[in-house]
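Here the protein sequences line up with chains A and B, keeping their order. Start counting the first sequence at 1; every next residue gets the next number (this note's numbering). Start counting the second sequence at 1; every next residue gets the next number (this note's numbering).
Bear in mind the hints are in silico, worked out from the structure with no lab data behind them. Hints are all accurate, no fakes.
Listed next, the in silico DSSO-like pairs over lysine-lysine satisfying Cα-Cα at most 27 Å (straight line):
| id | chain 1 | residue 1 | chain 2 | residue 2 |
| --- | --- | --- | --- | --- |
| 1 | B | K16 | B | K44 |
| 2 | A | K298 | A | K338 |
| 3 | B | K320 | B | K207 |
| 4 | A | K29 | B | K29 |
| 5 | B | K172 | A | K172 |
| 6 | B | K207 | A | K230 |
| 7 | B | K373 | B | K385 |
| 8 | B | K332 | A | K223 |
Distance windows between CB atoms, simulated:
| id | chain 1 | residue 1 | chain 2 | residue 2 | range |
| --- | --- | --- | --- | --- | --- |
| 9 | A | E300 | B | S235 | 28 to 36 Å |
| 10 | B | E339 | A | A24 | 50 to 58 Å |
| 11 | B | E368 | A | D234 | 33 to 41 Å |
| 12 | A | E339 | B | K16 | 44 to 52 Å |
| 13 | B | T208 | A | D234 | 20 to 28 Å |
| 14 | A | H227 | B | L388 | 40 to 48 Å |
| 15 | A | K207 | B | E65 | 40 to 48 Å |
| 16 | A | D348 | B | A231 | 47 to 55 Å |
| 17 | A | G58 | B | E120 | 30 to 38 Å |
| 18 | A | E300 | B | A331 | 37 to 45 Å |
| 19 | A | R33 | B | A361 | 52 to 60 Å |
| 20 | B | P185 | A | G163 | 40 to 48 Å |
| 21 | A | E354 | B | S235 | 52 to 60 Å |
C-beta atoms are modelled at their ideal positions from N, C-alpha and C, and glycine is treated no differently.
Protein chains: 2
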Amino acid sequence: MDAFRFQNPTALYYGKGQIEAHLAEEVLKYGKRVLVVYGGGSIKRNGLYDKVMNILHGAGVTTFELSGVEPNPRLTTVHKGVDICRTEHVDLILAVGGGSVLDCSKAIAMGVKYDGDVWEIYARKGQATGALPLGTILTLAATGSEMNAGGVITNWETKEKLGGGSPYTFPKFSFCDPENTYTVPRDQTVYGACDMLAHCFEHYFHKTEHTELQQHLIEGVIKTIVHNTKAALDSPNDYHARETLMYCSTMALNGMINMGLRGDWACHAMEHEVSAIYDIPHGGGLAIIFPHWMEYVKSENPSRFASLATEAFGVNPEGKSTDELADIAIAKVREYYKEIGAPQRLADYDIGDENLETMAAQAVRFGEIGQFKKLGKDDVYNILKAAL
Amino acid sequence: MDAFRFQNPTALYYGKGQIEAHLAEEVLKYGKRVLVVYGGGSIKRNGLYDKVMNILHGAGVTTFELSGVEPNPRLTTVHKGVDICRTEHVDLILAVGGGSVLDCSKAIAMGVKYDGDVWEIYARKGQATGALPLGTILTLAATGSEMNAGGVITNWETKEKLGGGSPYTFPKFSFCDPENTYTVPRDQTVYGACDMLAHCFEHYFHKTEHTELQQHLIEGVIKTIVHNTKAALDSPNDYHARETLMYCSTMALNGMINMGLRGDWACHAMEHEVSAIYDIPHGGGLAIIFPHWMEYVKSENPSRFASLATEAFGVNPEGKSTDELADIAIAKVREYYKEIGAPQRLADYDIGDENLETMAAQAVRFGEIGQFKKLGKDDVYNILKAAL
Numbered sequence: 001m002d003a004f005r006f007q008n009p010t011a012l013y014y015g016k017g018q019i020e021a022h023l024a025e026e027v028l029k030y031g032k033r034v035l036v037v038y039g040g041g042s043i044k045r046n047g048l049y050d051k052v053m054n055i056l057h058g059a060g061v062t063t064f065e066l067s068g069v070e071p072n073p074r075l076t077t078v079h080k081g082v083d084i085c086r087t088e089h090v091d092l093i094l095a096v097g098g099g100s101v102l103d104c105s106k107a108i109a110m111g112v113k114y115d116g117d118v119w120e121i122y123a124r125k126g127q128a129t130g131a132l133p134l135g136t137i138l139t140l141a142a143t144g145s146e147m148n149a150g151g152v153i154t155n156w157e158t159k160e161k162l163g164g165g166s167p168y169t170f171p172k173f174s175f176c177d178p179e180n181t182y183t184v185p186r187d188q189t190v191y192g193a194c195d196m197l198a199h200c201f202e203h204y205f206h207k208t209e210h211t212e213l214q215q216h217l218i219e220g221v222i223k224t225i226v227h228n229t230k231a232a233l234d235s236p237n238d239y240h241a242r243e244t245l246m247y248c249s250t251m252a253l254n255g256m257i258n259m260g261l262r263g264d265w266a267c268h269a270m271e272h273e274v275s276a277i278y279d280i281p282h283g284g285g286l287a288i289i290f291p292h293w294m295e296y297v298k299s300e301n302p303s304r305f306a307s308l309a310t311e312a313f314g315v316n317p318e319g320k321s322t323d324e325l326a327d328i329a330i331a332k333v334r335e336y337y338k339e340i341g342a343p344q345r346l347a348d349y350d351i352g353d354e355n356l357e358t359m360a361a362q363a364v365r366f367g368e369i370g371q372f373k374k375l376g377k378d379d380v381y382n383i384l385k386a387a388l
Numbered sequence: 001m002d003a004f005r006f007q008n009p010t011a012l013y014y015g016k017g018q019i020e021a022h023l024a025e026e027v028l029k030y031g032k033r034v035l036v037v038y039g040g041g042s043i044k045r046n047g048l049y050d051k052v053m054n055i056l057h058g059a060g061v062t063t064f065e066l067s068g069v070e071p072n073p074r075l076t077t078v079h080k081g082v083d084i085c086r087t088e089h090v091d092l093i094l095a096v097g098g099g100s101v102l103d104c105s106k107a108i109a110m111g112v113k114y115d116g117d118v119w120e121i122y123a124r125k126g127q128a129t130g131a132l133p134l135g136t137i138l139t140l141a142a143t144g145s146e147m148n149a150g151g152v153i154t155n156w157e158t159k160e161k162l163g164g165g166s167p168y169t170f171p172k173f174s175f176c177d178p179e180n181t182y183t184v185p186r187d188q189t190v191y192g193a194c195d196m197l198a199h200c201f202e203h204y205f206h207k208t209e210h211t212e213l214q215q216h217l218i219e220g221v222i223k224t225i226v227h228n229t230k231a232a233l234d235s236p237n238d239y240h241a242r243e244t245l246m247y248c249s250t251m252a253l254n255g256m257i258n259m260g261l262r263g264d265w266a267c268h269a270m271e272h273e274v275s276a277i278y279d280i281p282h283g284g285g286l287a288i289i290f291p292h293w294m295e296y297v298k299s300e301n302p303s304r305f306a307s308l309a310t311e312a313f314g315v316n317p318e319g320k321s322t323d324e325l326a327d328i329a330i331a332k333v334r335e336y337y338k339e340i341g342a343p344q345r346l347a348d349y350d351i352g353d354e355n356l357e358t359m360a361a362q363a364v365r366f367g368e369i370g371q372f373k374k375l376g377k378d379d380v381y382n383i384l385k386a387a388l
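My request is simple: use the sequences and hints to build the entire structure.
Structural data, given as structure tokens:
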């Protein structure tokens with residue numbers, strides 16, 4: 001293990017009925033002027049918008065709204081939110097949606113307190129100096145944004161998609177009611193599962209030694225995701241499958257299963273370059289890239305892949321070599337993606353080789369990426385080419 | 001899963017060098033008048049006392065001291081600490097020691113802000129109204145007190161040992177340097193391992209349904225404890241074994257592996273009655289009681305025990321019935337205790353049947369105990385009798 005500091009102060013409310021029971025009391029801790037941020041309007045169709053607004057107005061809260069947050073949330077939308085918060089003297093931002101809405105809200109929260117364009121924080125040219133309090137109501141099991149301080153923003157002017165955050169942007173509270181994910185479309189459920197699984201993989205592949213407990217915790221999350229995705233797809237209103245996936249998504253990226261290790265994160269960096277140009281779903285991009293990355297790096301430490309096979313996918317190791325088990329692990333990952341209907345190749349999104357050079361160059365513009373294996377521009381090019 | 005609220009705001013510093021690098025900055029967030037609480041003086045022998053005092057005094061901090069905290073910390077000691085804090089206008093309590101020192105410090109922290117005797121909070125006759133800020137420097141991997149809000153205090157006047165806590169008593173920060181556990185005596189290392197394993201068992205056995213991820217997380221902690229105890233006993237200065245055990249102890253009781261389920265906790269309740277009379281080490285008492293409790297309750301849900309065998313102890317299930325696997329699980333638990341030299345029977349502490357009735361009656365004085373199986377007075381009597 002590396003020496004580490006860990007702190008995650010978010011108050012997490014899980015399960016049905018929690019919004020009705022506790023939302024008003026949590027909001028009123030921070031004030032009575034609230035900016036409600038949401039996406040394309042699904043929360044209006046499924047009744048969540050009305051429920052939340054009734055609770056807020058019933059508690060004497062004045063609400064402002066920022067709607068239409070994009071799946072890959074854009075800097076221009078963040079700027080709109082910052083303007084509203086400043087003009088209306090907002091006390092609290094309440095994000096109602098999936099990871100994109102939450103990430104956008106974190107950027108707004110930092111932007112309000114930042115003297116300059118908040119993009120500087122994402123472009124590593126500035127540091128957050130504070131943030132408005134943020135609360136969230138989650139509607140999609142995927143990014144873990146409900147219990148961490150990070151987020152990803154896309155700048156369409158510069159064609160950059162970058163992650164950023166600060167100790168200030170942990171949500172003060174997050175409400176995770178699995179029933180709010182019943183109406184998530186099938187493809188979004190798939191992308192969400194791909195995203196949370198990708199977070200586990202990013203933690204699982206590293207070079208930090210003596211991380212036995214972390215390894216087992218991550219394996220636990222991986223096998224639970226794999227075991228529950230199909231049930232949620234087959235029966236969208238299966239409370240327990242939805243609840244389990246939602247809980248996996250939170251645990252996969254709240255810092256609790258990966259303390260003291262430096263995860264890989266190369267696949268996320270590569271995916272960001274693909275969606276910065278093609279605006280594809282993040283989870284879909286990750287599902288495409290991961291198996292190819294795995295093939296490319298497995299010789300670095302085949303026994304790590306063998307553990308993935310035996311501990312997370314339950315493969316009986318008897319009579320199999322480490323290399324064979326490593327290959328089986330990758331096959332299992334591919335099989336899972338296929339079974340749930342995740343995309344397999346960049347071609348599935350009509351992406352050809354026209355921007356490979358640009359994407360490879362951009363992915364490494366802050367230096368080599370990855371921890372399990374350090375990747376330079378050529379490596380990224382090769383992996384993305386294999387994924388065409 | 002049950003609906004739940006989870007929040008754990010403690011800032012955790014793990015690894016060697018963290019005290020030197022960050023203790024002063026953390027302490028100074030809360031003030032310059034600090035009560036340092038510690039136990040029997042082992043921190044003076046191993047140099048930790050001098051290190052901490054040098055850092056505090058170098059930062060301009062005025063220190064007060066409460067030493068001699070007992071292994072089962074006593075209410076009278078808590079009262080002394082409360083008096084010092086009030087008289088000296090202490091800003092922060094810094095607990096340097098194992099779970100007993102930390103638990104005592106939590107009681108002091110609540111006591112300072114409580115209008116009445118702090119024992120009322122433990123006796124369920126009052127609720128905490130606040131607490132002085134508390135920081136900890138851990139010297140024993142065992143109780144998890146470094147990252148939770150609870151603690152156990154013994155009232156020798158009434159012969160009661162009761163747990164209590166409040167949202168105010170999460171440590172603000174905790175420093176966990178595995179090197180500070182090198183000099184822990186062998187028996188204390190054993191008791192610590194028994195205690196953290198017991199916490200896992202308390203979480204593992206319950207009646208809450210649909211807790212697949214929690215199950216796997218708990219199994220991960222159990223197998224890591226079992227795998228590392230012997231290394232720490234064989235080579236007390238094995239940094240990685242010490243580090244892994246310390247990390248297991250924190251994760252076993254910081255709330256992260258058991259969200260949304262109601263653990264059993266009957267064995268803890270029974271053990272408290274034994275040590276309230278006989279003042280035996282908590283971990284030793286738990287190691288004695290658990291196998292007998294397991295035998296007594298296994299018919300409630302043998303498949304839970306079978307999972308313990310296959311998932312945590314790596315037993316190959318082929319050709320074995322659920323009942324056989326359940327028996328193997330209990331045998332594995334006994335084998336582990338035996339291998340590390342934990343006590344096996346109450347007789348090992350010269351405890352006979354003289355107080356069985358009293359202990360059984362006291363254990364259920366707030367009502368039946370346990371979740372996996374509800375236990376009344378007769379059940380407790382039977383289990384303790386079997387453990388003689």
